[in-house]
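Student: For reference, the chains in residue letters:
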Amino acid sequence: MESLVVTQAINVAYEVLILAALVLGLAVVMGLLNVLNIAHGEFVMLGSYTAYLVQKAGLPYLAAVPAAAVVCGAIGVVVERFLIRPLRYDPFETLLATWGLGLLLRKLVELGFGRGYRSVDIPISGSINIFGEAYPTYRLVLMVVSAVVLVALFVWYLRAPTGARIRAMVGNPVLAEAVGIRTRQLARNTFVAGTAWAGVAGVMIAPLTPVEPFMGLTLIVNSFFALVVGGMGTVTGLFAGSAIIGGLQSVLTAAVSPTTAYLAMLVLSILFLWQRPRGLFPRP
Amino acid sequence: MTQALFEIDRLSGGYGSGLVVRDVSLAVGRGEAVCLLGRNGVGKSTLVKLACGVLRPAGGTVTIAGREITGRPPSDNLGAGLTYCPQERVVFDDLTVAENLTLMRDNRRLDAFDRFFEVFPRLSERRRQHAGTLSGGEKKLLSFVRGLAEGANMVVIDEPTEGVQFENVVRMADLIQSHKQAGMSFLVVEQNLTLVERVADRIVIMDHGDVVHSGAAADMARDEILSYLTV
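These protein sequence lines map, in sequence, to chains A and B. Under this note's numbering, the first residue of the first sequence is numbered 1, with each subsequent residue one higher. Under this note's numbering, the first residue of the second sequence is numbered 1001, with each subsequent residue one higher.
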């Protein structure tokens, strides 16, 4: 019984941290730019395919991290310039446009790789003993990487000059321009950072999930649930949403079934959209 | 007027396709303060928004030190020597007072602001406070200090004294005067005659989107100015 509790606790922590890592890019773009990038899951999918290709080419798995960031970042540059910016970052228009973009990316990948699953070998094998329970090393590494990245981002956002300038741009774009912030450039960089990070998240999860063109659909739904519950535009909201949705999913999947877990997340999200549409910790 | 630093030449524009400002020209010399007056809704704020790149002009030109900046984004203008303090939403509410002041600086040291904190100690007391929690008058003071501290040659300020206590209006006027002596130029949109009478070298009065009077401040009595400001 005790071992079950330990394993389940680590599983919950894993689900929460991985979901937070997956939501991060979406949260940055949605919370700071008001663009709900429906194609976010497809950028994660492209990151996973990049990892697959890097491994197939016999390169070290770590090489997939910069490769995915460059691939997804470059696509992000093109998307921002020719899709998001012409639509003036309008929330509804960009939502529709990125929905179409997601469709396009899925079909392009399907064209190149087919619909079949691709598997990526786990780059770090073996397990580590935690409180007497063996837990896969790679999962633990992912948890540590996610936690470090999230905390580093949190500190950077609150303390670094660029973090303050992003907050300034989001809160008051006219004044931000007046004090010399190039808001167009900063918005582009923020969008590209979101897509590049989605690619890196794709590399992280690729060995643990079947890599296929439609994998992004599930990811975007869970990420969206986390944003709805946590609230948009704050790091606290990102953590809270990921903790609630990731924790709920992990516990109910283990205790009841994946279907029940999904249903519970759906009901919770509907309740939040109905009663508290800005989530628990929205931007003031 | 001394040699012109900032020139607006036959500037027209407004919101969407509607023209609010029509063929307005004015110039500000080096070390000079020009006060732009007029009743509410006559186009004063629109004119400075057009001049500072917040709105795209339909016609005309804007130059600073002989360099044309017409229609350029405001973020480019600071490099050209132009600072703009808007009338509304004058501070970054989500940032602290200190962050508002040091946002574009290489470090967060506040030493450079000591001379302003001596004049407005309230800002120093509240430097760790979010700017959104300040009163309307305090926000105006913060915006004013930010504008002066940026060190641009030309400062455009829209209604700086709205909600500001009388003694602080006088202090603002003293600061403008001392900065003028150091060579800084000002275009101030204002309704408060306390400030206007203390700083203005020239007065420009607008009505219905056009300039209806322009002249030396010394030549205009308070009653004459008031006659333009009342319906």
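Everything labelled a hint here was simulated from the structure, so no lab data went into it. Worth double-checking, as some hints may not be accurate.
Unchecked claim - Some chain B residues near chain A, calculated using beta-carbon distances under 10 Å:
no., residue
1, 1067
2, 1068
3, 1071
4, 1075
5, 1084
6, 1178
7, 1182
Don't be surprised by glycine CBs; every beta carbon is placed ideally from N, CA and C.
Student: All hints, please: hold or fail.
Tutor: Results for each hint:
no. : hint : verdict
1   : 1067 : violated (17 Å)
2   : 1068 : violated (19 Å)
3   : 1071 : violated (13 Å)
4   : 1075 : holds (5 Å)
5   : 1084 : holds (5 Å)
6   : 1178 : violated (23 Å)
7   : 1182 : violated (21 Å)
The structure does not agree with the numbered hints 1, 2, 3, 6 and 7 stated previously, though it agrees with the rest.
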